[in-house]
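Taken in sequence, the protein lines are chains S and B.
Taken in order, the first sequence gives residues 107 to 701; the numbers are from our numbering.
Taken in order, the second sequence gives residues 3 to 587; the numbers are from our numbering.
Just so you know, the hints here were simulated from the structure itself, not pulled from any lab data.
Just to be clear, a hint being listed does not mean it is correct.
Pair ranges (Cβ atoms, derived) [to be verified]:
1. S:Glu378 x B:Arg474: 40 to 48 Å
2. B:Asp319 x S:Asn236: 41 to 49 Å
3. B:Asp401 x S:Arg593: 48 to 56 Å
4. S:Asp234 x B:Lys495: 40 to 48 Å
Beta carbons are placed, not taken as given, at the ideal position from N, Cα and C, and that holds for glycine.
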Amino acid sequence: MAFKSYVLVCGGTACQSSKSEEIYKNFITELEAAGIKDDVQVVKTGCFGFCEKGPIVKVLPDESFYVEVKPTDAKEIVAEHLVKGRQVKRLLYQGEETKKHAKVEDIAFYQKQFRIVLRNCGVINPEDINEYIARDGYAALEKVLFEMTPDQVINELKVSGLRGRGGAGFPTWLKWNFTKQVNDSPKYIVCNADEGDPGAYMDRSTIEGDPHSILEAMMIAGKTIGSNKGYIYIRAEYPLAIHRLEVAIKQAKELGLLGKDILGSGFDFDIELRLGAGAFVCGEETALLASIEGERGMPKPRPPFPAVKGLWQKPTVINNVETWANIPVIILRGGAWFANIGTEKSKGTKVFALTGKIRNSGLVEVPMGTTLREIIYDIGGGIINGKKFKAVQTGGPSGGVITAEYLDTPIDYENLQKLGSIMGSGGMIVMDEDDCMVDIAKFYLGFTVDESCGKCAPCRVGGRQLLNYLDKISKGKATRDDITKMRQIGNAMKRASLCGLGQTAPNPVLSTLTYFEKEYLAHIDDRTCPAGKCKDLITYSILPEKCIGCGLCARRCPVNCITGEKRQPHVIDKSACIKCGECYSVCKFGAVMRK
Amino acid sequence: MNAKTVSIKVNGMPFFVHEGTTVLEAAKLVNVKIPTLCYHPDLPAWAACGICVVKVEGSPKMFRACSTPVEDGMSIITHDPEIVEVRRTVIELILSTHPNDCLQCLRNQNCELQRLAAEFGIREMPFEYNINQIPVDDSTTSLILNPEKCVKCGRCVKVCQGMQNVWAIEFLGRGDSTRIAPAGDVLLAESPCIKCGQCSAHCPVGAIYEKDETQKVWKALQDPTKHCVVQIAPAVRVALGEAFGLEPGTLVTNKAYAALRRLGFKGIFDTNFGADLTIMEEGSEFVERFVHGKGDLPLITSCCPAWVDYLEKYYHDLIPLFSTAKSPQAMVGALSKTYYADKSGIDCKNIFMVSIMPCTAKKYEIVRSESMYSSGCQDIDVSITTRELSRMIKSAGIDFLNLPDEDADAPLGIYTGAGTIFGATGGVMEAALRTAYFLVTGQELKNVDLEDVRGIEGIKEARIRMAGKEVRVAVAHQMGNIEQVLDMVREAKAKGKELPWHFIEVMACRGGCIGGGGQPYGATDEIRKKRIAGMYKDDSTQKIRCSHQNPAIKQLYAEFLGKPLSHKSHELLHTKYTPRPLYTR
Numbered sequence: 107m108a109f110k111s112y113v114l115v116c117g118g119t120a121c122q123s124s125k126s127e128e129i130y131k132n133f134i135t136e137l138e139a140a141g142i143k144d145d146v147q148v149v150k151t152g153c154f155g156f157c158e159k160g161p162i163v164k165v166l167p168d169e170s171f172y173v174e175v176k177p178t179d180a181k182e183i184v185a186e187h188l189v190k191g192r193q194v195k196r197l198l199y200q201g202e203e204t205k206k207h208a209k210v211e212d213i214a215f216y217q218k219q220f221r222i223v224l225r226n227c228g229v230i231n232p233e234d235i236n237e238y239i240a241r242d243g244y245a246a247l248e249k250v251l252f253e254m255t256p257d258q259v260i261n262e263l264k265v266s267g268l269r270g271r272g273g274a275g276f277p278t279w280l281k282w283n284f285t286k287q288v289n290d291s292p293k294y295i296v297c298n299a300d301e302g303d304p305g306a307y308m309d310r311s312t313i314e315g316d317p318h319s320i321l322e323a324m325m326i327a328g329k330t331i332g333s334n335k336g337y338i339y340i341r342a343e344y345p346l347a348i349h350r351l352e353v354a355i356k357q358a359k360e361l362g363l364l365g366k367d368i369l370g371s372g373f374d375f376d377i378e379l380r381l382g383a384g385a386f387v388c389g390e391e392t393a394l395l396a397s398i399e400g401e402r403g404m405p406k407p408r409p410p411f412p413a414v415k416g417l418w419q420k421p422t423v424i425n426n427v428e429t430w431a432n433i434p435v436i437i438l439r440g441g442a443w444f445a446n447i448g449t450e451k452s453k454g455t456k457v458f459a460l461t462g463k464i465r466n467s468g469l470v471e472v473p474m475g476t477t478l479r480e481i482i483y484d485i486g487g488g489i490i491n492g493k494k495f496k497a498v499q500t501g502g503p504s505g506g507v508i509t510a511e512y513l514d515t516p517i518d519y520e521n522l523q524k525l526g527s528i529m530g531s532g533g534m535i536v537m538d539e540d541d542c543m544v545d546i547a548k549f550y551l552g553f554t555v556d557e558s559c560g561k562c563a564p565c566r567v568g569g570r571q572l573l574n575y576l577d578k579i580s581k582g583k584a585t586r587d588d589i590t591k592m593r594q595i596g597n598a599m600k601r602a603s604l605c606g607l608g609q610t611a612p613n614p615v616l617s618t619l620t621y622f623e624k625e626y627l628a629h630i631d632d633r634t635c636p637a638g639k640c641k642d643l644i645t646y647s648i649l650p651e652k653c654i655g656c657g658l659c660a661r662r663c664p665v666n667c668i669t670g671e672k673r674q675p676h677v678i679d680k681s682a683c684i685k686c687g688e689c690y691s692v693c694k695f696g697a698v699m700r701k
Numbered sequence: 003m004n005a006k007t008v009s010i011k012v013n014g015m016p017f018f019v020h021e022g023t024t025v026l027e028a029a030k031l032v033n034v035k036i037p038t039l040c041y042h043p044d045l046p047a048w049a050a051c052g053i054c055v056v057k058v059e060g061s062p063k064m065f066r067a068c069s070t071p072v073e074d075g076m077s078i079i080t081h082d083p084e085i086v087e088v089r090r091t092v093i094e095l096i097l098s099t100h101p102n103d104c105l106q107c108l109r110n111q112n113c114e115l116q117r118l119a120a121e122f123g124i125r126e127m128p129f130e131y132n133i134n135q136i137p138v139d140d141s142t143t144s145l146i147l148n149p150e151k152c153v154k155c156g157r158c159v160k161v162c163q164g165m166q167n168v169w170a171i172e173f174l175g176r177g178d179s180t181r182i183a184p185a186g187d188v189l190l191a192e193s194p195c196i197k198c199g200q201c202s203a204h205c206p207v208g209a210i211y212e213k214d215e216t217q218k219v220w221k222a223l224q225d226p227t228k229h230c231v232v233q234i235a236p237a238v239r240v241a242l243g244e245a246f247g248l249e250p251g252t253l254v255t256n257k258a259y260a261a262l263r264r265l266g267f268k269g270i271f272d273t274n275f276g277a278d279l280t281i282m283e284e285g286s287e288f289v290e291r292f293v294h295g296k297g298d299l300p301l302i303t304s305c306c307p308a309w310v311d312y313l314e315k316y317y318h319d320l321i322p323l324f325s326t327a328k329s330p331q332a333m334v335g336a337l338s339k340t341y342y343a344d345k346s347g348i349d350c351k352n353i354f355m356v357s358i359m360p361c362t363a364k365k366y367e368i369v370r371s372e373s374m375y376s377s378g379c380q381d382i383d384v385s386i387t388t389r390e391l392s393r394m395i396k397s398a399g400i401d402f403l404n405l406p407d408e409d410a411d412a413p414l415g416i417y418t419g420a421g422t423i424f425g426a427t428g429g430v431m432e433a434a435l436r437t438a439y440f441l442v443t444g445q446e447l448k449n450v451d452l453e454d455v456r457g458i459e460g461i462k463e464a465r466i467r468m469a470g471k472e473v474r475v476a477v478a479h480q481m482g483n484i485e486q487v488l489d490m491v492r493e494a495k496a497k498g499k500e501l502p503w504h505f506i507e508v509m510a511c512r513g514g515c516i517g518g519g520g521q522p523y524g525a526t527d528e529i530r531k532k533r534i535a536g537m538y539k540d541d542s543t544q545k546i547r548c549s550h551q552n553p554a555i556k557q558l559y560a561e562f563l564g565k566p567l568s569h570k571s572h573e574l575l576h577t578k579y580t581p582r583p584l585y586t587r
């Protein structure tokens, strides 16, 4: 090491929004002021994954893991840790499990993780190609260019068992092989970075933390199937990821790793970015390709599949970010090594964006076959505020809920599908007893109804009708007959929608209906919302025997509908109450009742 | 090419079909009808509605029959309780977004959605109505877009962009707010719309349709101060019968005359007379340009108003190539208020001229420029489509099929075989060549059947020798086929190369006017071919088959116009063109 110490500051979007940029700058200023700027290198990295505790600063070589760092803390870390060699204890991560200051390897959040896709995230400076190269970057490309035949590459993928991480889990080698075998040119390579599930940010973080891995993988595919042109379709809402890709493309071109005659091999490859305007349906491959072509993003019937007729009717390999990120590792370490990880049919790892009512929300990468319980309890640290786990939603708006009795199911494509959900791109939202399943279904369906492209009738009309029924239920105006109609519509949507968006859109409704029918019936028969979420079905009142008249609820009430004398029981004016629940959550005496 | 055959089963019945056949087509071969809504044989499968779903044994999914090609060994199930249930639900869902006012709808009894609802025996609406209220766009002279009735099948968009290459309409919004409107959400009249009406001819429901002007006609017919005269376009006579249950292509010329007379028209004219006259003017124009070098080549026909609008919007630089001759409709209009007015001693202000056209753009043509008022009045007062006429006949209680055959009134109702084939693609060219040959060589063409320019193929070419010179002609129909023809002309001109053609016929609609946007619903190539056959039957059974031999035309020149391209001809029978912007907002 050329430097005595390294300060790694997380430069992911989440930490940046918590001022990590300022932290980074302050470190540089403070190191200069302390006169040790030549001994310590400050590196802005990609996401560490442990977003719950961000912004994160890691100091090497002693692996000190500082969490929830503020810009003003830079001064102390420099003065204490880097000058005097004393860790700043108050900022170190304290594991609940051990109650002692933990090093990274001791942190439970990381212990069950296995990082292939995120191998460089939080480790290297994503804006410096040399750091990528230093971690075997572009070695796989070199191997493919000079040592392997296209068939060997495809065989390696076949042995690896890698399946598409975009959600459907189609074997990657097959897709590449189809495209390779089509006798047509030119052929195209496309990276689907149009991540859009609510709460999901796996792809964004991968690109932000390790953009070169995507470029390298696309070039490997280009060489393998005979393509010289790649497109990365990325949402315009991901400015940092776009910036990092632009920097990466520029640096790769400067080093002769992208462009004409790559590394003197005679192989040319160029990559262009295409910015999506934020339509969720453009994550569907045929809609995405239409969007690149400048058409309205609407799915087309398959066949023909993109492998045969894709971009501009030419053979096209389209994979999502996470799939691409696996490729260089498989080439370097071998398909057999990769196939050792995971379950029988689902190999390798999967990145999940773990969010919701979970203590350690963040980005986690686990081997396939890890159970939901391990992810939620061992990695995620369990439910916040000691509440009871109710369900976990996988696969975003296309997925379904999985209940407590299935927590020990090993995660793979088939198992999740059996449970009425899907792997999807990797969103994982944890729900507790306070979450109403009707409300959850309404949230997800509201999203897909909003994002439906409007092309096919089952999705366009069915989604709206289903949402109207959910609305009726949440207002206590539905009948049991409506449930039958919802199942009828849901089935028609699944069976007759054109693309994955419509086919999976009813999943959140159908799966909550399967696992939580009683909760639906409570809304219908009893006109109550057991979780206390559906505003039209709940009322707030104050129990006079418990109220001590502190007045806190009255002060917090946004519509001033709580009145009462000091030290006397207060009263809620139900006609003015907007049911925001603020009084309920602030009352320390349990005097506010929700019914 | 040797198409491979594959072995498939439909509902257990094994048979062989060509590879690449869709499941929908394959099922039809064995008389299994899979219901569809968005599918139209003219268009690539857009796969929107989800009604044609079928199962394939061994797959958990359902497939859209319209867009799924058969595979060897495929065993297809087209009907089972679950499939029918899914289809029914999808239809019910579509109905929940569609106004339930069939009784007032112009597509009543002629609506594909209504038919599906009937076939599925839908007796109640299980879901709540959820209809997007969007204002009607009636800004153009020709078409009305009622987005409320739209089922988003996408046919109109695909026709406008794909078949016609006009790009006037597009999907706007998304999800259940998706609607069809001109890009930029301008009005149709402010868009590049050329009023060809192919959208209306392909719409399965009453969401886009011709501007119904029958009330104007009824009013004039009941007005004692008006002397109502009418002209009927060539293509109407081979399609009008369809509205009364006759086979496409059945010639109903003389029954149509009889019906018009019974409706109260005092003068029954035929646009075919105008077609013969157009040939005299345009043919002479061609001779001027080709033989005498006066004017630019290739000469391009201008009888199609949608095509005129297209060229004025998309190909400004080619305007000098346009024939200045008015369309047959416009010529008959001008003459009915001058020549006929003089002859019958009626003031043109009291003559009410109605044209029956296969076309929605003709409604636009009658007001498109000053030259459409050449008689001193508006030359044509109202232009209605074949569909509108059929509704008038029905509402007047006329038993169309049992009408006696009657003749049109002379002289504006006298026509030749050359005039009638204007209704089919290639017909104008064929008619023009028959006369041009005579004008150039002074001799009659021995065989007037010029087969090379006939048929449904998008672009046709022919060569004919006249006085030692070779004339190269091209015929294009369906607006989307025009671009490559014009681009070749442009390129040849830009590079100073020899022109690929000397004379070009263009018709905006597939098959020519017989496939016009105002014709009875349901046109497919099969039907278009039958209508075309009807046109050529009318031609081949005429005693006179060349325009210049039409005695009424000869009389007209002798009595009134002098000679083709005379001063008077120019005043009444020719027009000007002007560049127009694609968008006016």
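Hints versus structure:
One distance hint, 40 to 48 Å for the beta-carbon pair S:Glu378 and B:Arg474, holds here, with the actual separation near 44 Å. Roughly 56 Å separates the CB atoms of B:Asp319 and S:Asn236, a value that falls outside the hinted 41 to 49 Å. Hint check: B:Asp401 to S:Arg593, Cβ distance near 53 Å, so the stated range 48 to 56 Å holds. The hinted range of 40 to 48 Å is not satisfied by S:Asp234 and B:Lys495, whose Cβ atoms lie roughly 57 Å apart.
Going down the numbered hints, you'll see the structure goes against 2 and 4, while the others check out.
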